[in-house]
Amino acid sequence: MSQADRSCDSADCGNRASVHLTQVVDNQASTQYLCKTCAEAKGVGPLLAPEKAVVDLVSHVVDGAGRQEGGACDFCGQTTVDFKESGRMGCPECYTSFETLSRRLLRRIHGSSEHVGKVYVPPDPEGFVSGRQMADLGRRLERAIEAEDFERAAVLRDQIRGLDAARSR
Amino acid sequence: MTDPEAVGGLGLRWLEADGPDADIVLSTRVRLARNLQGHRFASRTDMDERRRICDGVARLVDSSSLPGGARLLAMEGLEAHSRRILLERRLVSHDLVGRVDGAEPAAGAALLAWPDAPVSAMVNEEDHLRLQCLVSGLSAVDAWSLVDRLDVGLGSELPLAFHHDFGYLTSCPTNAGTGLRASALVHLPALVLTKEIGRVLEGLDRLGLTHRGVEGEGSRFTGNFFQLSNQTTLGRSEEDLIEHFGRTVDSVVEKEREARQVLLNAGPRMEDLIWRAYGLLRHARLLDYRDLSELLSGVRLGVSLGVLKAPAIGSLNRMMVFAQAAHLDEAAGRALSAEERRCHRAEYVRAALRDPGEASTSDAAL
Ligand SMILES: [Zn+2]
Ligand SMILES: [Zn+2]
Numbered sequence: 018m019s020q021a022d023r024s025c026d027s028a029d030c031g032n033r034a035s036v037h038l039t040q041v042v043d044n045q046a047s048t049q050y051l052c053k054t055c056a057e058a059k060g061v062g063p064l065l066a067p068e069k070a071v072v073d074l075v076s077h078v079v080d081g082a083g084r085q086e087g088g089a090c091d092f093c094g095q096t097t098v099d100f101k102e103s104g105r106m107g108c109p110e111c112y113t114s115f116e117t118l119s120r121r122l123l124r125r126i127h128g129s130s131e132h133v134g135k136v137y138v139p140p141d142p143e144g145f146v147s148g149r150q151m152a153d154l155g156r157r158l159e160r161a162i163e164a165e166d167f168e169r170a171a172v173l174r175d176q177i178r179g180l181d182a183a184r185s186r
Numbered sequence: 035m036t037d038p039e040a041v042g043g044l045g046l047r048w049l050e051a052d053g054p055d056a057d058i059v060l061s062t063r064v065r066l067a068r069n070l071q072g073h074r075f076a077s078r079t080d081m082d083e084r085r086r087i088c089d090g091v092a093r094l095v096d097s098s099s100l101p102g103g104a105r106l107l108a109m110e111g112l113e114a115h116s117r118r119i120l121l122e123r124r125l126v127s128h129d130l131v132g133r134v135d136g137a138e139p140a141a142g143a144a145l146l147a148w149p150d151a152p153v154s155a156m157v158n159e160e161d162h163l164r165l166q167c168l169v170s171g172l173s174a175v176d177a178w179s180l181v182d183r184l185d186v187g188l189g190s191e192l193p194l195a196f197h198h199d200f201g202y203l204t205s206c207p208t209n210a211g212t213g214l215r216a217s218a219l220v221h222l223p224a225l226v227l228t229k230e231i232g233r234v235l236e237g238l239d240r241l242g243l244t245h246r247g248v249e250g251e252g253s254r255f256t257g258n259f260f261q262l263s264n265q266t267t268l269g270r271s272e273e274d275l276i277e278h279f280g281r282t283v284d285s286v287v288e289k290e291r292e293a294r295q296v297l298l299n300a301g302p303r304m305e306d307l308i309w310r311a312y313g314l315l316r317h318a319r320l321l322d323y324r325d326l327s328e329l330l331s332g333v334r335l336g337v338s339l340g341v342l343k344a345p346a347i348g349s350l351n352r353m354m355v356f357a358q359a360a361h362l363d364e365a366a367g368r369a370l371s372a373e374e375r376r377c378h379r380a381e382y383v384r385a386a387l388r389d390p391g392e393a394s395t396s397d398a399a400l
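Residue numbers (our numbering), protein chains in the order written: chain D, 18 to 186; chain P, 35 to 400.
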């Protein structure tokens with residue numbers, strides 16, 4: 018497609034245009050083709066790059082929180098450093114492992130950290146017990162792989178599969 | 035070209051234009067982000083875990099907790115062309131299919147869909163499950179109740195990640211709580227022409243709605259079409275979010291209608307714009323998708339105001355979907371070159387405008 022190769026309309030910017038910005042000047046709609054960087058500079062963002070906005074906010078909140086929640090998530094091993102880089106949680110348990118940080122972050126994003134609305138009831142209360150079990154097995158599997166104990170890893174993987182199948186039955 | 039069984043008529047229900055204010059609000063989507071308890075989020079899963087997550091969903095396909103007729107389409111098992119069709123129907127995201135031209139989709143990425151219902155779910159996207167409902171017009175309440183039913187069904191079989199304080203847990207904290215994102219695709223040409231659009235969009239920000247331009251083919255943004263969605267997902271109930279969203283979008287629709295009347299009374303300029311757009315579409319021999327979107331914007335305005343008697347809004351919706359690259363290839367039965375595609379697009383649109391019934395013939399091939 019011809020427009021696919023269109024380059025950014027900003028002077029001296031050779032980047033490929035990926036944003037089509039329509040502005041109205043003197044009752045005439047004019048259209049500019051911009052790369053993401055130039056679009057953000059013109060104030061089109063930060064919605065075009067929500068990832069970056071979240072990463073910045075996470076960094077900000079993590080740095081502000083000081084050191085009280087160092088270490089790694091019990092289940093997935095994610096650290097606050099990983100969190101700062103990706104802006105993403107590693108697993109559901111991360112919200113508990115970094116509870117203070119999560120609360121602070123959710124308040125910054127949503128203006129609240131208290132869920133209002135549907136309250137989820139799991140299929141069977143044991144589901145939550147096996148969630149714990151699963152967390153434990155996952156951790157042991159990772160350790161086995163790190164130690165290059167592949168026989169053990171295979172056994173653990175089978176157990177995880179079995180538990181998984183049982184849970185979704 | 036496409037396995038007709040696989041893709042069929044999925045994701046086309048909104049084209050009917052039978053929802054409220056469908057001339058201005060093309061479609062409403064309500065999406066719920068859900069994750070399975072005891073699994074890592076997408077950023078930390080390996081192939082093995084992603085496959086297990088997908089297997090868990092696959093086991094439910096024939097269970098009584100989901101509506102009958104469910105189909106699970108594994109992205110790995112589809113050819114690139116079919117994935118592009120799903121992308122053009124807005125049923126899957128770029129994240130789910132991987133970069134269509136190049137890398138293969140990630141392991142375990144799948145779409146759970148129903149041929150005769152407007153609901154579906156992406157599996158192994160940023161969240162393990164992204165439930166969605168896409169309907170015509172401004173129908174947030176309907177879309178919510180349909181997707182809620184699917185959520186209850188899935189959640190009764192698969193243990194979901196839920197926290198007593200934080201609600202549904204999601205990979206990105208911006209989606210936590212209800213996990214609910216309502217969005218509407220709106221057509222606001224008069225607000226753009228009267229230069230009120232900036233003020234209106236700013237006002238929306240203050241009311242908690244975000245806006246963005248709408249991605250056309252190949253990530254290009256297309257004028258006059260905007261996507262409005264709720265900004266926050268936590269701290270308000272689903273019903274509350276949906277009600278507020280619907281009311282706010284409705285106020286934008288009102289403003290657009292007022293601006294249209296002002297322009298219509300201000301002289302022949304708008305009528306001229308409408309007829310020019312119609313004339314070009316009626317006679318052009320080559321059309322880029324971007325040109326098409328801009329011209330369809332003019333024609334849509336004309337139909338909505340009664341300046342043009344035909345085509346129906348539904349035909350215009352149809353053109354927006356079926357004049358995209360993969361859909362044109364599908365109708366031609368082969369991969370067209372860029373130049374051929376512009377030609378086929380113009381031809382398709384001319385036929386559709388000559389005989390509004392014809393707009394639907396090419397999807398009979400699907
Ligand atoms: Zn640039
Ligand atoms: Zn974690």
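Hints listed in this document are in silico derivations from the structure and should not be mistaken for laboratory results. From the three backbone atoms N, C-alpha and C, an ideal C-beta is built for every residue, glycine too. There's no promise every hint is true.
To be verified - If you want the ones that stay clear, here's a sample from chain D, every Cβ over 10 Å from chain P, calculated: (1) Glu131; (2) Ala161; (3) Glu163; (4) Asp181.
Unchecked claim - Label-pair restraints from in silico Cβ distances: (5) D:Gly81 x P:Asp239: 19 to 27 Å; (6) D:Gly81 x P:Ser98: 43 to 51 Å; (7) P:Glu381 x D:Arg124: 13 to 21 Å; (8) P:Glu273 x D:Val98: 34 to 42 Å; (9) P:Val95 x D:Phe167: 43 to 51 Å; (10) D:Ala182 x P:Asp52: 21 to 29 Å; (11) P:Pro149 x D:Ala182: 23 to 31 Å; (12) D:Arg157 x P:Asp199: 54 to 62 Å; (13) P:Arg303 x D:Asp73: 42 to 50 Å; (14) D:Glu116 x P:Arg240: 28 to 36 Å; (15) D:Asp73 x P:Pro149: 38 to 46 Å; (16) P:Glu292 x D:Ala182: 34 to 42 Å.
Status of each hint after checking the structure:
no. : hint                            : verdict
1   : Glu131                          : violated, 6 Å
2   : Ala161                          : holds, 14 Å
3   : Glu163                          : holds, 14 Å
4   : Asp181                          : violated, 5 Å
5   : D:Gly81 x P:Asp239: 19 to 27 Å  : holds, 25 Å
6   : D:Gly81 x P:Ser98: 43 to 51 Å   : holds, 49 Å
7   : P:Glu381 x D:Arg124: 13 to 21 Å : violated, 56 Å
8   : P:Glu273 x D:Val98: 34 to 42 Å  : holds, 39 Å
9   : P:Val95 x D:Phe167: 43 to 51 Å  : violated, 33 Å
10  : D:Ala182 x P:Asp52: 21 to 29 Å  : violated, 42 Å
11  : P:Pro149 x D:Ala182: 23 to 31 Å : holds, 28 Å
12  : D:Arg157 x P:Asp199: 54 to 62 Å : violated, 29 Å
13  : P:Arg303 x D:Asp73: 42 to 50 Å  : holds, 44 Å
14  : D:Glu116 x P:Arg240: 28 to 36 Å : holds, 31 Å
15  : D:Asp73 x P:Pro149: 38 to 46 Å  : holds, 43 Å
16  : P:Glu292 x D:Ala182: 34 to 42 Å : violated, 58 Å
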